[in-house]
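Chains as they are written, first to last, in this note's numbering: chain U, 1 to 420; chain C, 1 to 353; chain Y, 1 to 354.
Since the hints were made in silico from the structure, they are not lab data. Any given hint could turn out to be false.
[Unchecked claim] Label-pair distances were calculated between CB atoms; the ranges are:
#1 C/Leu334 - U/Gln418: 53 to 61 Å
#2 Y/Trp337 - C/Ala135: 21 to 29 Å
#3 U/Pro415 - C/Glu195: 37 to 45 Å
#4 C/Gly50 - Y/Ala118: 41 to 49 Å
#5 U/Gly270 - C/Val43: 24 to 32 Å
#6 C/Ala135 - U/Gly244: 49 to 57 Å
#7 Y/Trp337 - C/Val330: 51 to 59 Å
[Said to hold, decoys possible] Reference listing, derived: stretches of chain Y covered by chain U, where coverage requires no fewer than 3 residues with Cβ under 8 Å from a Cβ of chain U:
#8 90-100
#9 164-171
#10 262-274
[Stated by the list, open to error] Short derived list, chain Y residues pointing at chain C, Cβ under 7 Å:
#11 Gly145
#12 Ile149
#13 Val324
#14 Gly327
#15 Leu330
Note that this is a predicted model, so its numbers are computed, not measured. Even for Gly, the Cβ is constructed at its ideal location relative to N, Cα and C.
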Amino acid sequence: MIGRSTRGQWGGGGRLRLARVLWVLMTVLAVAAAPLLAAPGRGTPYKIGFIASITGPGASLGIPEREVARIIQERVNAEGGVAGPDGVRHDVQILINDDQSLADVAASLARRLIEQERVQVLVAGTLSGPSLAMVPIASDARTPMISMASARAIIEDPQSKRMRPWLFKPVPENLHSAQKQAEYLQAVGITGVCHLYENTAYGQDTFASAQALFPKAGIRILYGDSFDRTGTEFPQVTRVRASGCRAVVIGSIPPAASLINVAVAGRVGGRKIVHGHGACSPDLIRTAGAAAEGTVMPCGKILVSDQLPANDPVRRVNLALIQDYQRATGGQAISTFAGHAFDALSWALLALGQVPDGLPLDRARDAVREALETKIKNYAGTHGVMSLSPDDHLGFNPADFVIVTVREGKFVILPRNQWK
Amino acid sequence: MGTGEPPVPTVIDVPHVSPRRRPHVSGQAALAGAIGVTVVVLVALGRRFGYGPVDYLQLLVDGLRTGVIYALVALGFVVVHRVTGVINFAQGAFVMLGPMITISLFGMPWLPAPGQRLLLSAALAVLITAAVGMAVHRAALHPVRAASLLTRIIITVGIYIVIQGIALIIWGPRPYVLPAFSTLQMADRTFLVGEVIIQAQTIWIWATAAATVGLMGLFFERTVAGKAMRACAVNRTAAQLMGIRVDTMATLAFGLAAVLGAIGGIVLGPVTRPTFDMGLELGLKGFVAAIMGGLVSFQGAAIGGLVLGVLETLWAGVTLAGFKDLFAFVVLILLLLIRPQGFLAAREEAESP
Amino acid sequence: MRHPRAGDAIGFAVAALLIALVGWIELARPFGSSLARLTAGLLTIDLLIRAGIFTIILVGLNLLMGYAGQVSLGQAAFYGMGAFFSAILTVRAQVLGIPAAVWSAWWWPWVLMVAGAAMVGGVAYLIGWVILRLRGHYLAMATLGLGIIVFIILRENLGLPRLNLTGGFDGIVGIDRLRVGALVVWPAPRYFLLVWAVVLGAMAVGLNVVHSPIGRALRAIHGSEAAAESVGVVTPAFKAQIFALSAAMASLAGSLYAHFQAAVVPGTFGFVPSLELVVMSAIGGMASIWGAPFGALAVLLVQELLRTHVLGILPAVSGELEPVVFGALLVVIMMFWPAGLVASRRGGQRIGVR
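One chain only, chain U, in its complex shape (with noise of 0.2 Å):
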């Protein structure tokens, strides 16, 4: 059993030691930090709770739209902070929480940003799970909150249809990833797929776009299955082989996705690689080395700034958030999820400069959910130019993606002239 040296331990009863309960308890109490400073006051200060997952399966998403979030947090505080329409100027802090990619730890953490950090706005969620489950904590709470994952439902209400009053996002769909993966498919014309996505929500989902979409666009779907995002074995793979599809469509994210593409490209030589938007990252290309390029996937215009037109107004926006982006990680290339962030951020901070001074708190977050449905209008951010408006709290337009593939390492535009 457990062993006789352990029956004192075990047995008996549990009588309190009063005295080490208060020990204890003090000495939790006394690490606690020092009561938050008042910052020097012009107009009330304003404060932006953002929620990122910085470590767990998110964290290479997470980790990009910190740097970003620093980033914002560095030009705000150059600028003085952000001019409201009187023209009172207000100090903006954005408190930066690690979710840890779970759904608990983030509707926690919303909980303690809405009520004890009194947050006019949240920038939140990098996966879908943890921003589903912030949704009815904001909505309850009547605070706005800007997602920065991709499901439609954080920002549509799946029964209804109908956009949830409090929840934003600048993020496309997979949606929108598959009809630009069928328009490719379909230029180039191949009828017959195959469809390999992780065994994870966002996996699922991208399945499920395609299961939608690709019909209409006259394309089969021969082999479809789900293969373990930690897996280093992928028997999908032999299946492949076997289904006679002259593509394979990927839906999942670095370092998944590289392993299934060095799979399929290893073993199964000759067929087109479709990744999906989640894929846009130069992760991809470190993790995947040579089995990635020719790949081709529909990207935001963030991977590819310098090769967009001059006259794009999203291509100077881009190009100086690369410029910091790079000073601030010495070097690292960027990633749509960084993209993201910045949208999200940036639209908070255009909302929050809409906001007279002097309002208490739930008025000011009814005037920022306010200006969020009717002051972004053509606005230029990293992924295309966005307008939302009380039925369209996303924005994104689907013409803003762009076809892009890996060429000696690198991501390029890939031209409708020279889909192949």
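Chain U is fixed; fit chains C and Y onto it per the hints.
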């Protein structure tokens, strides 16, 4: 009766005897039977995918690759358990430290020739991991060697969490790349045997594992330290009476387990993308493999690893991706319920559970 | 026998007072204060509710681990089963063909809570009969395996993606709040009172078990199964009963969690949360009913500190410190205070009937 042995019943403990007399089945026969049944079931499930013999062969090869890694990890469990009685949950952490340290060392330009650098980085990484393993034992387990077995097991769980946490701080959450041994780059050479694709790294895995097991056998048979360790495993008190420093042997056992784990992780590294949390799954599955040998038999653990690897890969080939991990844990439960002493415990060194 | 129950009675009275006090502060907000303001942002209603939910699980776990000497490294599985039971049968009730009049009624979630606890307890009883004949660390491994198996099944939508019962990786969102007739048990201070009322109930049950003949029998079993059997205590039945009770409590806690968080994801109920429960149990005292709330509170407080306040000191590190601190905590506590940090054994072990 010392406190470091594998668990022995306390006081007078009447084993739970089932009222029906069970027919006496030898371990090997039972295992062969179980494997046979499983294979038949899996093949039947695989028919809907139209798998041919080539596909099954491919799955077999892939499974043997994974299985060899499981076997190495399992051996680490057995070493520690036989010498100290503890189930070392930190074993998975050693599997992770091997490749991660190798990658860090390889990335530093202290030797121009990449091949040499990789080899030496790997060797250094193994040594460092061994040091970590021994330090872990000295600091956290040796002082409480009189504590209950369960307490010490939970301590190893805590140690796993700490090591993984430190790995997260040092290396971050991103996946890293360990170059393939044959090409010293990410892309590996592949061989075609018939229609079955074998990566060069797979050969490395098999060769390294064989060499490691061979060396370990030599260690236990020929060296004084090895024989002393075996003596501790068989009868701790007698070993002490013979003048063997049992505590030193315990620390050494941890070091050896760390070496085994690290080698397994390093040689697997190029196939996957090493991450700070890769040790959890490998550790748990290696543990299941070790149970096949009742935690006391090296051969049992090695064969258990291979069997688990192959069957699991077969299962992965016929089921939804998310259910792949289910297999190992169902096997674990079944093993614990039906035959916790394992199928393959070598008779002369078997201990009762 | 001196009156151990007297101490318990005092403890309950004090606890009830504290709970009522906290509830009043949060509901009435005298002088604009709140619990958070009074404790420099450390204690929030959110934290206390979560602590209460964990305490309910811990009472059952401590009965199992401390008094019956059985160990569970997969208790989060029962927690998750209760949470998903409540979630599925309220949010996905339509899919299962339950009439709307039933699943929209105010009493339905309460029925589910009890039914879920009973069902999970029943399942645990059956499992317990089979598994509890394993001893010591073999049992630990088995519960570990079971916990992971349940987690995988929940995560994979029970293998029935079409029905989409558990919602896969993302779980289920949009769970309604609990209601009593027309009164909604929300906002948070009301839920806090509910949860801690259940905590007190669970602790009362736990203490009853401890002080009952069954409890004495359990301590006896813990010392030696053969001796226990020789005085007529039927071992497998008792162990299975305690296992079932601990599972039922965990399931109840899971249901309370579902209506609190309004969303359940499988990730909340995996291997690591089971370990967290073990850490909480270790801190509060594995053999202590009264230690359970302190274990839960201590762990949650440390987590809060690491997630929020530490950022002021070490801005570069966020969630990365948590596992190191927890692992180190677990190691240190098991090394120096294996009987528990806060509560510990009374002197001496009593075997047999008294």
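Hint-by-hint comparison with the structure:
Separation of leucine 334 of chain C from glutamine 418 of chain U is about 56 Å and conforms to the stated range, judged on CB atoms against 53 to 61 Å. Evaluation of the 21 to 29 Å hint for tryptophan 337 of chain Y and alanine 135 of chain C yields a pass: the beta carbon distance comes to about 23 Å. Evaluation of the 37 to 45 Å hint for proline 415 of chain U and glutamate 195 of chain C yields a pass: the beta carbon distance comes to about 39 Å. Between glycine 50 of chain C and alanine 118 of chain Y the beta carbon distance is about 46 Å. The supplied range of 41 to 49 Å therefore holds.
Remark: the range hint 24 to 32 Å for glycine 270 of chain U to valine 43 of chain C is upheld by a beta-carbon distance near 29 Å. Hint check: alanine 135 of chain C to glycine 244 of chain U, Cβ distance near 56 Å, so the stated range 49 to 57 Å holds. The hint said 51 to 59 Å for the Cβ distance between tryptophan 337 of chain Y and valine 330 of chain C, and at roughly 36 Å that hint is violated. Against chain U, the region 90-100 of chain Y contributes 0 residues with a C-beta closer than 8 Å to a partner C-beta. That does not satisfy the three-residue criterion, and the hint is violated.
Closer than 8 Å: that is the beta-carbon criterion, and the region 164-171 of chain Y has 4 residues meeting it against chain U, so the requirement of 3 holds. Counting residues of the region 262-274 of chain Y whose beta-carbon sits less than 8 Å from any beta-carbon of chain U gives 5, enough to reach three: the coverage restraint holds. Taking 7 Å as the C-beta contact cut-off toward chain C, the hint placing glycine 145 of chain Y at the interface holds, the least distance being around 4 Å. Annotation: isoleucine 149 of chain Y was flagged as interfacial toward chain C, and the flag holds, the nearest CB pair being 5 Å apart, inside 7 Å.
For valine 324 of chain Y, the interface hint holds, the least distance from its beta-carbon to any beta-carbon of chain C being 4 Å, beneath 7 Å. With its C-beta approaching chain C no nearer than about 3 Å, glycine 327 of chain Y sits inside the 7 Å limit, and its interface hint holds. Because the beta carbon of leucine 330 of chain Y sits about 3 Å from the nearest beta carbon in chain C, less than 7 Å, this interface hint is met.
Going through the hint list in order, the structure does not satisfy hints 7, 8.
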